[in-house]
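**Student:** Take a look at the letters that make up each chain.
Protein chains: 2
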Amino acid sequence: MNTRIYNVRILTMEEGGKITEGEVWIEDDTIVCVGQPKETAKRKWDLEIDGKQNLLMPGFKNAHTHSAMTFLRSYADDMKLNEWLHTRVFPAEAKLTGEDVYWLTKLAILEYLTSGITSIFDMYMYRKDGARAAIDTGFRNVFCESINDFGGTVEEVEEDYLTYNKDKSKLISYQLGFHAEYTTSREKMEGIAALSKKYAAPVYVHCSETKQEVEDCKKRTGMTPPVYMDTLGLFEHGGGLFHGVHMEEADFEVVKKKGLYIVTNPASNLKLASGIAPVKKYLNMGIPIAIGTDGPASNNCLDMFREMFLVTGLQKVLYDDPEAVPAMEVLKMATVNGAHAMGLAECDTLHVGKKADLILIDLEQPNMQPLHHIEKNLVYSGSKQNVKMTMIAGKVLYQNGEFYLDSSKEEIYKEAEKTVRRILKEQE
Amino acid sequence: MNTRIYNVRILTMEEGGKITEGEVWIEDDTIVCVGQPKETAKRKWDLEIDGKQNLLMPGFKNAHTHSAMTFLRSYADDMKLNEWLHTRVFPAEAKLTGEDVYWLTKLAILEYLTSGITSIFDMYMYRKDGARAAIDTGFRNVFCESINDFGGTVEEVEEDYLTYNKDKSKLISYQLGFHAEYTTSREKMEGIAALSKKYAAPVYVHCSETKQEVEDCKKRTGMTPPVYMDTLGLFEHGGGLFHGVHMEEADFEVVKKKGLYIVTNPASNLKLASGIAPVKKYLNMGIPIAIGTDGPASNNCLDMFREMFLVTGLQKVLYDDPEAVPAMEVLKMATVNGAHAMGLAECDTLHVGKKADLILIDLEQPNMQPLHHIEKNLVYSGSKQNVKMTMIAGKVLYQNGEFYLDSSKEEIYKEAEKTVRRILKEQE
Numbered sequence: 001m002n003t004r005i006y007n008v009r010i011l012t013m014e015e016g017g018k019i020t021e022g023e024v025w026i027e028d029d030t031i032v033c034v035g036q037p038k039e040t041a042k043r044k045w046d047l048e049i050d051g052k053q054n055l056l057m058p059g060f061k062n063a064h065t066h067s068a069m070t071f072l073r074s075y076a077d078d079m080k081l082n083e084w085l086h087t088r089v090f091p092a093e094a095k096l097t098g099e100d101v102y103w104l105t106k107l108a109i110l111e112y113l114t115s116g117i118t119s120i121f122d123m124y125m126y127r128k129d130g131a132r133a134a135i136d137t138g139f140r141n142v143f144c145e146s147i148n149d150f151g152g153t154v155e156e157v158e159e160d161y162l163t164y165n166k167d168k169s170k171l172i173s174y175q176l177g178f179h180a181e182y183t184t185s186r187e188k189m190e191g192i193a194a195l196s197k198k199y200a201a202p203v204y205v206h207c208s209e210t211k212q213e214v215e216d217c218k219k220r221t222g223m224t225p226p227v228y229m230d231t232l233g234l235f236e237h238g239g240g241l242f243h244g245v246h247m248e249e250a251d252f253e254v255v256k257k258k259g260l261y262i263v264t265n266p267a268s269n270l271k272l273a274s275g276i277a278p279v280k281k282y283l284n285m286g287i288p289i290a291i292g293t294d295g296p297a298s299n300n301c302l303d304m305f306r307e308m309f310l311v312t313g314l315q316k317v318l319y320d321d322p323e324a325v326p327a328m329e330v331l332k333m334a335t336v337n338g339a340h341a342m343g344l345a346e347c348d349t350l351h352v353g354k355k356a357d358l359i360l361i362d363l364e365q366p367n368m369q370p371l372h373h374i375e376k377n378l379v380y381s382g383s384k385q386n387v388k389m390t391m392i393a394g395k396v397l398y399q400n401g402e403f404y405l406d407s408s409k410e411e412i413y414k415e416a417e418k419t420v421r422r423i424l425k426e427q428e
Numbered sequence: 001m002n003t004r005i006y007n008v009r010i011l012t013m014e015e016g017g018k019i020t021e022g023e024v025w026i027e028d029d030t031i032v033c034v035g036q037p038k039e040t041a042k043r044k045w046d047l048e049i050d051g052k053q054n055l056l057m058p059g060f061k062n063a064h065t066h067s068a069m070t071f072l073r074s075y076a077d078d079m080k081l082n083e084w085l086h087t088r089v090f091p092a093e094a095k096l097t098g099e100d101v102y103w104l105t106k107l108a109i110l111e112y113l114t115s116g117i118t119s120i121f122d123m124y125m126y127r128k129d130g131a132r133a134a135i136d137t138g139f140r141n142v143f144c145e146s147i148n149d150f151g152g153t154v155e156e157v158e159e160d161y162l163t164y165n166k167d168k169s170k171l172i173s174y175q176l177g178f179h180a181e182y183t184t185s186r187e188k189m190e191g192i193a194a195l196s197k198k199y200a201a202p203v204y205v206h207c208s209e210t211k212q213e214v215e216d217c218k219k220r221t222g223m224t225p226p227v228y229m230d231t232l233g234l235f236e237h238g239g240g241l242f243h244g245v246h247m248e249e250a251d252f253e254v255v256k257k258k259g260l261y262i263v264t265n266p267a268s269n270l271k272l273a274s275g276i277a278p279v280k281k282y283l284n285m286g287i288p289i290a291i292g293t294d295g296p297a298s299n300n301c302l303d304m305f306r307e308m309f310l311v312t313g314l315q316k317v318l319y320d321d322p323e324a325v326p327a328m329e330v331l332k333m334a335t336v337n338g339a340h341a342m343g344l345a346e347c348d349t350l351h352v353g354k355k356a357d358l359i360l361i362d363l364e365q366p367n368m369q370p371l372h373h374i375e376k377n378l379v380y381s382g383s384k385q386n387v388k389m390t391m392i393a394g395k396v397l398y399q400n401g402e403f404y405l406d407s408s409k410e411e412i413y414k415e416a417e418k419t420v421r422r423i424l425k426e427q428e
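Taken in sequence, the protein lines are chains A and B.
Position 120 (the first sequence) corresponds to 120 in the UniProt record's numbering; numbering is contiguous.
Position 420 (the second sequence) corresponds to 420 in the UniProt record's numbering; numbering is contiguous.
Honestly, the hints are just simulated from the structure, not real lab data.
Some hints could be false.
One copy or two, it doesn't matter: identical chains are merged, so the pair holds either way.
[To be verified] With a cut-off of at most 27 angstroms between alpha-carbon atoms, the simulated DSSO-like pairs for lysine-lysine come out as follows:
id, residue 1, residue 2
1, K211, K281
2, K188, K128
3, K332, K80
4, K332, K18
5, K280, K211
6, K418, K18
7, K281, K218
8, K198, K168
9, K418, K52
10, K18, K425
11, K414, K18
12, K414, K52
13, K332, K170
14, K44, K395
Could you build all of it, start to finish, from the sequences and the hints given here?
**Tutor:** Below, the structure written as structure tokens:
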């Protein structure tokens, strides 16, 4: 399949790159030309898209989510994290089946596509069904292991690591991880550390999301979560921390020394009253930051535009500094850094040889006018409404409000609704 | 013109009202039936809209904005308020003509319509041209007087008060106000207070937006801005404060005692690092709160969905309380309270006799699924993308992504761009 996208502005997201005009050519799932084509001979195209001077850029990478939690959207809001987890989330999740997760993940994928998200770092159970949902729709899903004391053995983790990293097309891949220090025994964490050593693989984990979590860990271990986990050898091959809101000096040092990514989830941290992560400080220390939506039960939406505005807006108030975290840094977090954090270096920029995971941004919406500064418009006034087209691995999955998937949105809504009804009934 | 909207879910926003199913009938600019019509005789309709089980609700009221500042969107970001005003905003504004304001206001109106905003409380110069933009497009604009030491006399204010409150259809109306304590002489403020007394009219003003503003006022007057302005007799007939971020105990008392509205602008307050308004405290004291986007130069977008999420999300973190400011309160602020703050009691709810300013929300977008709780979905996961139709005074101005106005969006963009180019050139 050969695709030509022409008459577009191009934001490659390569270091120091400016917006240029030209074309992007795609063969199967790979970009083969960016800019002004040198070739003069007429090619045969399977698909030609007139970009109408809109903006083509790499898709957003949602570097932390729990996709199938769509079923809990607006089910339990305005509650404290602990109460929320134990009285609402865990009992409802206990009733999920693999088939439920398949449809609930598909529901999340619909929303990712409307927000220009082309890959996710997904932490959830029933991985086989989550993978099926991604493959059937053509979506790119990097699983993050979430073993904890309620489920999973280190042997199963190793098996999954080998199974889900076999896919050469990389629609599906997998990274080592575990749920959190406070939900996982020392033995299991040591098991993960051993796997990390064996495969020279990075490790990802929820960390320092709430003040309580940090205090409890210090009581138990005498150390903060990042320092304690580091003593277990978990970060010898890098990895990342989801949230990283409540950090002490020693924690910043661990993150910096071990080359960890911070994946910030500002909307979820607001909604659950967890706090505001010190993103400006990470940035000043040269720590790479990626952005996640977190799951739809806590956020409640899967919208990279809302997250991007929050990433910079909250820092300005937190540090009393309107210059904090400029827009271009935020765009880099949402694209390039996200890709690298998830092990998707081949999906980071628009460049020959990279995967064709890209989005077309509608500049003909009033929130993008005038065109003083397109990158700033994206971060400060962009919205889902500006996503004209979402392409993953060279395939158009969403365009002008329509989905091009194996199931219709109506079918997905119906199946998701059925799951919700059943679980709520069982819950009574 | 008789319009029938059928097969819809209806959220009237009346106190204690639940979502019901039925129809809404409109004659000219007025709602004549809400719910299940009793009439059995067949009517003749000029327009029938199948709502397809989507949600009909009152349009959002943007209770603080500076519409024509669209020309400065993404022109000067990441700067401190004072520097931003004096080095970027004021010099550029000095070059505006009335014709510029006409087109720049139209650009803002396009964006309001995409966000389901049906009326605005607009503070800007060249009022005649702003009014022309609203009337030509069919948009509802309540002007807020912005006299200050750089322009305007009390006599002109009185003239405008009388001129812009003549419109019986109320597409255009006008409220007394002034820019801010720190930009307006005592004499002018006393002049406004006298007009307020003469016409028994409320007064609106930017107030306590930054810490600096409060400190400066205390140095000059020995009082905080709300207390000082109250001593001048400005609030004897109510009114409202835009921002109200940095408030002391005595300020809350003034607001409460004088029945003032607080118009909160959370995105602008983040972006300019002004702070987070104590919305939860206002709410607990029974002080009515409305929501504004502020102008597109500071925000930078005109999106009530982003504001609604911020109004509650920021409070949860500010007060370390995930239960702070529940979703239904936010929806009330964005609709009913906004209408009342702006003197548009006839546009507050869906009720027989009220003006037909209403919006149709697309529930068939993935961010609205499943339908556990539609009101919560609106506040926590809603987006501009969900606005299917915006009707003002019984006329459909925006539907399914298309505008139905006197000018095309292309013409508006072209004229706005022309203004921008000219001003930037003069600026050099």
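**Student:** Are the CA atoms of K281 and K218 at most 27 angstroms apart within a copy, between copies, both, or neither?
**Tutor:** For K281 and K218, only the intra-copy Cα distance (23 angstroms) is at most 27 angstroms; the inter-copy one is 33 angstroms.
**Student:** Have a look at K332 and K80 and pick one of within, between, both or neither, based on CA distance no larger than 27 angstroms.
**Tutor:** Result: close only across copies, 24 angstroms inter versus 32 angstroms intra.
**Student:** Please sort K332 with K170 into within, between, both or neither, judging by C-alpha distance up to 27 angstroms.
**Tutor:** within (22 angstroms within a copy, 47 angstroms between copies)
**Student:** Reference check for the pair K198 and K168, CA-CA at most 27 angstroms: within, between, both, or neither?
**Tutor:** within (21 angstroms within a copy, 78 angstroms between copies)
**Student:** Check K18 against K425 for me: Cα-Cα at most 27 angstroms, and say if that holds within a copy, between copies, both or neither.
**Tutor:** between (54 angstroms within a copy, 22 angstroms between copies)
**Student:** When Cα atoms must be at most 27 angstroms apart, do K332 and K18 count as within-copy, between-copy, both, or neither?
**Tutor:** Classified as within: same-chain Cα gap 13 angstroms, cross-chain 44 angstroms, threshold 27 angstroms.
**Student:** At most 27 angstroms between CA atoms: does that hold for K188 and K128 within a copy, between copies, both, or neither?
**Tutor:** Within one copy only: 22 angstroms inside a chain, 71 angstroms across chains, cut-off 27 angstroms.
**Student:** Under a CA distance limit of 27 angstroms, which applies to K418 and K18: within one copy, between copies, both, or neither?
**Tutor:** between (48 angstroms within a copy, 23 angstroms between copies)
**Student:** First find the shortest C-alpha distance between K414 and K18 inside one copy, then the shortest across copies, and answer within, between, both or neither for a cut-off of 27 angstroms.
**Tutor:** between (44 angstroms within a copy, 24 angstroms between copies)
**Student:** What label fits K211 with K281 when the C-alpha limit is 27 angstroms: within, between, both, or neither?
**Tutor:** both (18 angstroms within a copy, 23 angstroms between copies)
**Student:** At most 27 angstroms between CA atoms: does that hold for K414 and K52 within a copy, between copies, both, or neither?
**Tutor:** between (36 angstroms within a copy, 16 angstroms between copies)
**Student:** How would you classify K44 and K395 at a CA-CA limit of 27 angstroms: within, between, both, or neither?
**Tutor:** within (17 angstroms within a copy, 48 angstroms between copies)
The structure shown violates none of the earlier numbered hints.
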